[in-house]
Amino acid sequence: MRTFTRISSRQPCRLYLTHHPSQISPANLVSLSGTARPVKESKALKTGRGFTTIAPASDAQAQRRWPNSLLTLAIETSCDDTCVAVLEKERTEAPFGATPRARLLFEERVTADNRAYGGIHPLAASESHMVALAPLVQKATACLPSGKPDFVSATRGPGMGSSLASGLSVAKGLAVAWQVPLVGVHHMQAHALTPRLVEALDAAKTAAAAASTSSAATPTTPTTPTTPPLVSFPYLSFLVSGGHTMLVHSRALNDHRILASAANIAVGDLLDKCARAILPRGFIAAAEASAGRSLPYGAILEAFAFEGQDTETYSGYRYPRQRCDEMAPFESGHGWRLEAPLSSGVLRHALRFDFSGLNGAVIKAAGGDPHMVPGGPGRVPKVPKSTGPPAGPKIPLPESERRLLARGTMQLAFEHLASRLLLALKTGAGGGGGEGRDAPPTCLVVSGGVASNQFLRYILRSALEVHRYGHLPVVAPPPSLCTDNAAMIAWAGMEMYEAGWQSDLTMLPIRKWSMDADAEDGGILGPDGWVQKRVQWRNKKRYPLS
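Here the sequence shown stands for residues 10 to 555, numbered as in the working numbering.
Be a bit skeptical, because a hint or two may be false.
In silico PhoX-like links for lysine-lysine, alpha-carbon gap of 20 Å or less [stated by the list, open to error]:
#1 Lys181 / Lys148
#2 Lys542 / Lys181
#3 Lys157 / Lys181
Per label pair, the in silico range of CB-to-CB distance [as the list claims (entries may be wrong)]:
#4 Asn77 / Glu348: 54 to 62 Å
#5 Asp527 / Gly479: 26 to 34 Å
#6 Arg73 / Arg124: 40 to 48 Å
#7 Ala261 / Glu316: 37 to 45 Å
#8 Asp334 / Gly479: 15 to 23 Å
#9 Ala359 / Gln331: 14 to 22 Å
#10 Arg327 / Arg73: 47 to 55 Å
#11 Ala143 / Leu517: 18 to 26 Å
#12 Gly344 / Gly128: 26 to 34 Å
#13 Gly127 / Val185: 34 to 42 Å
#14 Ala174 / Arg74: 29 to 37 Å
By construction, these hints were calculated from the structure, which means they are not laboratory data.
Every value quoted in this text rests on a predicted model; they were computed, and no experiment measured them.
Glycine residues also receive a C-beta, built at the ideal position from the N, C-alpha and C atoms.
Produce the complete structure using the sequences and hints provided.
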């Protein structure tokens with residue numbers, strides 16, 4: 010059995026509780042399949058500019074609204090993805106103590122074509138939002154089971170300013186036109202809450218199946234299982250993407266404490282830069298041509314590193330048991346080596362991440378430059394005239410060594426993440442003090458674009474098992490919900506709205522916005538623009554889902 014099952018774009022959403030191979034069994038592999046409709050590829054928007062739709066369309070126009078629910082239309086434009094979703098969530102009543110239920114009525118994503126730039130370009134992203142957002146909203150409104158949603162959700166920050174403004178402006182216009190509230194969502198909070206969304210999607214599917222097979226079901230019969238949700242506060246969150254690397258102690262919806270963060274570049278940015286230096290010439294272009302769209306370089310690097318390799322046990326990999334082995338360099342046996350991040354000096358036991366040294370070492374070993382064509386010869390360094398002429402271009406590494414370098418890069422980067430997780434657990438920084446908000450974490454959430462990397466999940470699970478934290482479940486969304494998407498914005502907006510939080514129409518996008526309530530900006534509730542109101546439900550009766 011594979012430790013981490015890949016999910017195709019034509020399968021329902023699934024959330025996986027990951028285990029070390031020695032612990033895998035049908036009993037402890039949790040699959041939460043949650044979409045309320047089959048996922049299918051939608052046609053690309055005909056923009057004539059190379060933008061392609063990479064997320065599913067919906068056929069929910071004929072679906073009727075649940076009797077006791079909240080409905081939101083959500084927009085996500087924090088970077089180069091233009092995302093729109095429609096989410097419906099049923100009210101959860103305390104006596105049942107169950108996982109809330111939700112269904113996605115629409116979800117699509119359009120990604121800017123950045124292939125000509127070798128990475129995300131702000132102008133290309135802004136143009137993509139201007140071209141794609143209005144058609145997506147038009148399609149989403151056709152999927153509303155009622156004339157309008159109860160409120161509109163949109164990413165307020167953090168992210169690229171121009172991209173955020175594109176989505177927020179449209180969201181404000183919709184809120185005014187429909188005369189409904191607006192909720193400005195924190196992008197990283199949404200990532201941290203995504204596994205809760207997937208659980209709710211799964212609960213709705215399970216309840217609907219039970220209602221359809223039970224002849225005793227009546228309009229007032231509760232059909233929700235009483236099993237409590239797996240992802241409940243407090244829990245630890247690894248939020249890993251191209252712009253963020255954070256280990257967060259999530260105590261409550263708006264109470265988060267950042268335990269460790271990247272001092273320089275994020276782990277996703279590291280993988281992208283290293284991919285440009287490691288991958289053979291033309292490999293990225295071939296992969297993107299095959300997919301017909303831009304692809305994250307980190308995802309291409311993972312596929313290249315483990316092509317033809319055993320990804321069930323990753324060739325028997327086990328996380329180091331001793332601290333000295335954690336800090337050991339990666340020896341290639343070919344004349345080059347990679348030092349583990351923060352493996353020496355006063356910061357070797359610090360709760361922080363630092364990938365700058367690893368980034369430089371990888372580029373040097375590959376003989377490349379992150380701004381050059383992938384797989385090309387290394388740049389000839391300038392030397393003083395007194396030392397003689399330059400020796401000429403460096404001979405590129407053979408493909409076998411490049412694959413080894415790719416595996417070594419990911420291994421050291423992910424072990425660095427795991428080492429700080431273990432440090433937080435051992436020092437009690439991640440909870441476990443036994444007093445109120447310092448209660449032990451219920452699970453470890455791994456979310457963000459890099460969370461789709463199967464090797465990362467494997468290393469984190471192995472680290473917890475080896476160091477006697479195997480009781481802590483590791484949960485991650487399916488790959489389609491690890492990357493930026495509007496479904497997570499809809500869910501975060503839903504949780505904020507239910508808690509009584511709405512946004513003023515005068516709010517502005519926020520390029521840098523901390524999650525930490527103790528941060529200088531006050532965290533999620535720190536910026537101006539929040540309005541606290543009590544939620545009014547449509548009615549108080551509870552019905553089975555159909």
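| request: Evaluate the given range 37 to 45 Å for the C-beta pair formed by Ala261 and Glu316. | output: Since Ala261 and Glu316 have Cβ atoms about 43 Å apart, the given range 37 to 45 Å holds.
| task | Take the C-beta atom of Gly344 and the C-beta atom of Gly128, compute their distance, and say whether it sits inside 26 to 34 Å. | result | holds, 30 Å
| Taking the beta carbons of Ala143 and Leu517, is their distance inside 18 to 26 Å? | holds, 22 Å
| query | Can the suggested window of 40 to 48 Å be confirmed for the beta-carbon pair Arg73 and Arg124? | reply | This hint holds: roughly 42 Å between Cβ atoms.
| query | Does the hinted range 34 to 42 Å hold for Gly127 and Val185 at CB? | reply | Given a distance of about 40 Å, which is inside 34 to 42 Å, the answer is holds.
| If you check the beta carbons of Arg327 and Arg73, does the distance land in 47 to 55 Å? | holds, 52 Å
| task | Please test the hint of 15 to 23 Å on the beta carbon pair from Asp334 and Gly479. | result | holds, 19 Å
| query | Regarding Asn77 and Glu348, is the given constraint of 54 to 62 Å on their beta-carbon distance met? | reply | holds, 58 Å
| request: With a cut-off of 20 Å on the C-alpha distance, tell me whether Lys181 and Lys148 pass. | output: Cα-Cα ~18 Å, so holds.
| query | Does the alpha-carbon distance linking Lys157 and Lys181 stay inside the 20 Å limit? | reply | Status holds; Cα separation ~14 Å.
| query | Between Asp527 and Gly479, does the beta-carbon spacing fit 26 to 34 Å? | reply | holds, 31 Å
| Does 14 to 22 Å hold as the CB distance between Ala359 and Gln331, or does it fail? | Taking Cβ atoms as reference, Ala359 and Gln331 lie about 19 Å apart, which means the hint holds.
Checked against the numbered hints listed earlier, the structure breaks none of them; every hint is satisfied.
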